[in-house]
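Undergrad: Chains as they are written, first to last, in the UniProt record's numbering: chain H, 1 to 475; chain B, 1 to 399.
Just so you know, these hints were derived from the structure itself, not from any lab. Each residue gets a CB set at the ideal place from its N, CA and C atoms; glycine is no exception. Mixed in with the good hints, there may be bad ones.
Short, incomplete list of chain B residues facing chain H, as computed with Cβ under 7 Å [unchecked claim]:
#1 Ile67
#2 Gly69
#3 Pro128
#4 Pro131
#5 Gln134
#6 Pro313
#7 Val321
#8 Ser333
#9 Tyr334
#10 Trp337
#11 Asp338
#12 Thr342
#13 Ile346
#14 Leu349
#15 Thr352
#16 Ala353
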Amino acid sequence: MNNRKKTFFDAIWEFFASVKVGITIIVLLAIGSILGTIYPQTNAIPSPNPDFYYNDTYGKLGDLYYRMGLADTFNSWWYLTLVLMLFISLIIVSIDRGVPLYKSLKRQPVARKLIAIQADRLYTKAEGGDAEAKLEALAQQLKKRRYKVRREDGALLAEKGRLARFGAYVIHLGLIITILGVFSRLIPGWYYTDMIWLKEGETKPVGNLGFSVQNNGFTLEFYDQAQTRAKKFETDAVIYENGQATAKKHLAVNDYLTYKHTNIYQNSYDPQPMFKTGTIELLDTRNNNKSLGTFVIDFNNPQREYKVGDYTVTMANYFPDVKVDPDKGVFTNSRDPYNPGIQFDITGPDQMEPARQWMIPLAGPFVKQMLGKDYRFDLQFKDVDLFHMTGLKIERDLGWWPIVFPGLVIALCGLVLAFYFQHRRVWARLEEGVLHIGANTNKHWIGITGELNKVLVPLGIEPVSQKRKEEPQQS
Amino acid sequence: MMQLSSVFFGTAFFSYLAATILYVVGLTGRKMKAQSAALATFWTKWGYIVVIIGVITQALAIATRGIYGGYTPVSNMFEYMSFWAFTIMLAFVIINAFYKVPVLGAFVAPIGLVILAYASVFPRDSKPLIPALQSYWLNIHVTTAALGEGILTISFAAGLMYLLVTTDLTKNSRTAKFLEFTVYLFFALLSFVLTSLGFRAAGYAQIVSGTMGDQLYHLPPFIGPTGAELGTAAHFLGVPLPLFDAPGWMHAADAGMQFNTILITIIASLVLYAILRLIARKPLSMVIQKWVSGLDSDMLDELSYRAIAIGYPVFTLGALVFAMIWAQEAWGSYWSWDPKETWALITWLYYTAYLHFRLQRGWEGKKTAWMAVLGFVVILFLLVGVNLVISGLHSYAKA
Ligand code: HEM
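Only chain H is shown next, with the shape it has when bound in the complex (with noise of 0.2 Å):
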């Protein structure tokens, strides 16, 4: 039993010790990314309702993203899957090497046998003379180059650079380290992210973080006429605690405010204006379309009944968010204001019957004509006050400081070590009157090639230069 689980324990970190399967995981993390990519992510679309923007923005194909759970990919089982199996991938792998890598580097003899000296990629030797003092001086040359060197009678290894060889694991633990900052979020009361969406005036709750936002007035500005730029977007927002005013600040993109750890900045705004308040002149089709009278909707709370002059105007249906469809009728899509529709009932004193009309400020002359037009009002805006719903971003992540962004550094140090950095080595062996220099590096064959002939060259030694690839090579 004891030792057939042993046996499943070895397979599991065979198959994530292996560079193989850790590049499957890479590719099929890039191919992943791909397909988040191809329609937005529902973090980031214009719209408190992705359930119609996919369809409405993009259509069928959009629709079906939408339902396949696409736009919603980096949450998804199958890719935080990946993830988890690059992080297992990474520690397995750099404890299967990194340990063994570290232990020969520490136990590696002064005098290497000649053969193995001889098989280097760099290598070359010097005959007759005083070889003795060419060894002598040529290890000399080597430390005044900041080499370690090391002695054994007629024996040299010079080395510089060894820690270049822990470079990859440097990056390996970085992202292990980056990774865990990011599954940090899972802890309890660590990550917490939202979008919420404010009308003017309108207050919020945050999750359940015990505050709630308010938007108290939000502005936007564009370069243009045309009103094709932005130029600046802001929102006034005050943090309610325990119904107190505990902050309040002017949100504006790369101005966020902090509050308890939890960031709230202007991410967004409704691009499509919602109605505030409208004032509605009632005319007389019968008379010259003469005015009756104003009144004040207010669309967010409208009022079941408004008089006019000696009419009275009821409201027998609001649809805010109206649509008017050939099959399915007229219903509404939202409880938001974007383009409202109203059934009125008109009643006055030569109208005693009710006289039922629609009133759509948005809608198309199709619509116009399904609802029929031969009304015995009119009803005309005479002033209308949009407003744009302002989209902040909540966000908080503990994780990020302590944990993601030291991971990232020790990352990039890898990077530096691993690739700007170099682990050369060149041993030297006097036998029977001939001196044997053969060199090695991790990297940059041209970088040692260089420096270890301007060594060799005024000792009298002829110069190294690269074999062919295909010739053997030992580590």
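The hints should help you fit chain B with the ligand onto chain H, whose structure is shown.
TA: Just chain B with the ligand, lined up with the frame of chain H:
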């Protein structure tokens, strides 16, 4: 300032053009006559000097434009693409100083030149910044990332040279076909630039109306927007246009225009390719192969790898770490999976895979050279494709 910037920009452009000519002449000269070997080094030496002049003048162009606009000019497609061309040439200047492979210039100079020309296809005016871009961390992030991309592009050039040296083009192998296709793609990009700039220089403009509104075409509208009436918009060489409309399911209002550009580019590139092919009387990759024959393939393999080894950490720093710091500072969250960010991650994973493939036996040389070549396509998509193809929220979206 803006005019001064344009003058510097033009000087840089013509320097790269001159360098391309010097390098190519230098190489073909070297192979044509044995006694012209000395001359060849003369040509390539001047090529290098001219590239350095180009890099300096482009640096001045960027600086003056920055002074005029009041921000680091890396905020729209024109600025970003020309900055990329700049980093490619800069990376070449530095790497060539160490490795002394003049032939590399014959590949890098035309790449930088075409990318710079491609940049000028985009609108060149300096526009005020949208709120998300008003941050200095952004500049640090974008310039470092571009530098990484420039260095990685060198590995593409060296990888391509490696493949040309090691492939027997007389045999009809898959590699040979792909190489020829790669050469064709270069001419496709060139024809795109030439047709776009040509019609623009001629002042061509045509409004075509479809169901989703009017579209201003700068190329003859062979494909109209959805719902445009066929044959009524314009005439080109006597043919009434448009010939087709973009299908309605494509949704984007400018789908027809984009389709049209692709169609014209394909036609123009095939014409250009056919002409060159007729002059050469053999696959163009064979012509180019002559330039590199005799080069040490191991050296090229190492060079291609080294460029990635140098560029990868810079890219990691600029495109990922600085981007995360910026996002955390500016937005309060270090990562939000927007398409540009995600494609930076994909590019990074791609080169990570490259580095690990190289640890495997049998992957040095040909296979990784192909990966280096394809890496260019990945970077191109990161820089251009994301903006033009993926309808992202990212701040660079359509300049
Ligand atoms: C996103 C994830 C990863 C990154 C960014 C990364 C990065 C690196 C880098 C930059 C190197 C140095 C390469 C070189 O010197 O040419 C390296 C080496 C290496 N990586 Fe990774 N790696 C990742 C994941 C993995 C995984 C999942 C595995 C294994 C299963 C793995 C196994 C190795 C091995 C065995 C080495 C060679 C170590 C040595 O030189 O002794 N890596 N890695």
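Undergrad: Could you run down the list of hints and mark each one as holding or not?
TA: The hints, checked one at a time:
1. Ile67: 20 Å, violated
2. Gly69: 13 Å, violated
3. Pro128: Pro128 (chain B) check passes; min Cβ-Cβ to chain H is 5 Å, inside 7 Å.
4. Pro131: For Pro131 (chain B), the interface hint holds, since the closest Cβ of chain H sits about 4 Å away, which is under 7 Å.
5. Gln134: Holds: closest Cβ of chain H sits about 6 Å from Gln134 (chain B), inside 7 Å.
6. Pro313: 4 Å, holds
7. Val321: Cβ of Val321 (chain B) sits 5 Å from chain H, so the hint holds.
8. Ser333: 4 Å, holds
9. Tyr334: It holds, given that the least Cβ distance between Tyr334 (chain B) and chain H is near 6 Å, below 7 Å.
10. Trp337: Holds, about 5 Å.
11. Asp338: 6 Å, holds
12. Thr342: Holds, because the Cβ-Cβ distance from Thr342 (chain B) to chain H comes to roughly 5 Å (cut-off 7 Å).
13. Ile346: 5 Å, holds
14. Leu349: 4 Å, holds
15. Thr352: Constraint on Thr352 (chain B) satisfied, holds at 6 Å.
16. Ala353: This interface hint holds because 5 Å falls under the 7 Å limit.
The structure does not agree with the numbered hints 1 and 2 stated previously, though it agrees with the rest.
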